[in-house]
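Chemist: One letter stands for each residue in the lines below.
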Amino acid sequence: MNFDKEFDASGLACPMPIVKTKKSLAGMTSGQVLRVIATDPGSVCDMEAFAEQTGNTLLSSTTENNKYVFFLKKA
Amino acid sequence: MAAKKMAIIATKGALDMAYPPLILASTAAALGWEVQVFFTFYGLQLLRKDLSGIAISPLANPAMPMPVPMPVIVQMLPGMEWMATTMMKAKMKKKGVASLEELRAVCIESDVKFIACQMTVDLFEFDKSDFIDGIEYGGAATFMGFAGETDVCLFI
Numbered sequence: 001m002n003f004d005k006e007f008d009a010s011g012l013a014c015p016m017p018i019v020k021t022k023k024s025l026a027g028m029t030s031g032q033v034l035r036v037i038a039t040d041p042g043s044v045c046d047m048e049a050f051a052e053q054t055g056n057t058l059l060s061s062t063t064e065n066n067k068y069v070f071f072l073k074k075a
Numbered sequence: 001m002a003a004k005k006m007a008i009i010a011t012k013g014a015l016d017m018a019y020p021p022l023i024l025a026s027t028a029a030a031l032g033w034e035v036q037v038f039f040t041f042y043g044l045q046l047l048r049k050d051l052s053g054i055a056i057s058p059l060a061n062p063a064m065p066m067p068v069p070m071p072v073i074v075q076m077l078p079g080m081e082w083m084a085t086t087m088m089k090a091k092m093k094k095k096g097v098a099s100l101e102e103l104r105a106v107c108i109e110s111d112v113k114f115i116a117c118q119m120t121v122d123l124f125e126f127d128k129s130d131f132i133d134g135i136e137y138g139g140a141a142t143f144m145g146f147a148g149e150t151d152v153c154l155f156i
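Heads up: the sequence lines are chains A and B, in that order.
The opening position of the first sequence corresponds to residue 1 in the working numbering, with each subsequent residue numbered one higher.
The opening position of the second sequence corresponds to residue 1 in the working numbering, with each subsequent residue numbered one higher.
So that you can see chain B by itself, here it is in the shape it has in the complex (with noise of 0.2 Å):
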């Protein structure tokens, strides 16, 4: 039986958003699945080498579980994000909930197929030097290419 294959677009760049992608591509891949994520706009962050700079916002996001209910004035102010992030990576820390840096090191060796979007590194102007070694950059062509044969294809 030949491998199945998904391809995953990763268009978001907040803590909670960078992890569906690296879960689903690290699980899959260890299925025994062939994987490829193209990374555009704010996805790219989560091929940045230090991605300690990943956060999360209370701010338009009622859905946010919270402590304690907070007035939206209140997660306006200067250190609020830094809090939440904080608080979510103790959290997740916690409850076993693995980092990014180790999901992605966990897609890495098993062979997912990390590419960049080329525009959106131009439109950032982001340094080449920034990201991690081993991925590709191409454009939508590129990722058609692979996603046209594949079982599951997902925007994130």
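Looking at chain A on its own, in the form it has when it is part of the complex (with noise of 0.2 Å):
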């Protein structure tokens, strides 16, 4: 899937993929494809809820070599 930016949350805990994924979103426009990878399990749940309450679409959230990778849609 092509993506706009890349956010690498590797090795970050809760609550840091979360937030620092927002600041990512923030300096993008919307429509665009921000592309995040982390290693919390936790990242699948607070994404998908991220998403949910944010707005911003979730295009798929899959599991690469024990990392997690998450395609977000700017809304």
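FYI, nobody ran anything at the bench for these hints, they're computed from the structure.
A couple of the hints might just be wrong.
To be verified - Here are the simulated SDA-like cross-link-like pairs (lysine to any residue), alpha carbons at most 25 Å apart as the crow flies:
#	chain 1	residue 1	chain 2	residue 2
1	A	Lys20	B	Lys49
2	B	Lys5	A	Thr54
3	A	Lys67	B	Ser99
4	A	Lys23	B	Leu31
5	A	Lys20	A	Asn56
Could you use the hints to bring the two separately framed chains together as a complex?
Modeler: What follows is the structure in structure tokens.
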């Protein structure tokens, strides 16, 4: 999947993956896609909740090589 | 849709209890919520410019996981609190848990409003110059004004 920006949250624990994802999105324009990589297993549920509450769309949430990869489309 | 609101009363100043208010406040702010934290009694420690004095004690804390079982009489020895704090901070760093300084900076950056309880500031004779800039000082009525309109209100 294509993306406009990437944020690597590997090694970060709650709540930093979410807090910094929010920060990464802040610099983007509506419709752009952010790819987030995380190692915190809690980020799977958290990213869903984040998308739901902020109106950004979680295009996909997958696991690759013990890492969690998310694609978020900015609202 | 109007932004959701959360109010937190932070009353504890030990390392473990310092985390929940700052984690919840920074997360809620990231979700677009409007957040206020009212710091009172020992919670005021979290507003100090220098957070290095925030510690954790194994004493009277039977739920604290220990690498080896430690009798209470040993936990009382001088230096044990320092040791527990050092070990806890090292573990947090290793696991990628943000520092209190980092979480607090995120809160401030994302417009979380910090209110220091004026009564307890006076009670403990704290000097306002010990606290970070940009905070407000107020009493229970100040807090209730905002708390009454919130979706989530927590006492920590």
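Chemist: Out of the numbered hints, which ones does the structure contradict?
Modeler: As far as the earlier hints go, not one is violated by this structure.
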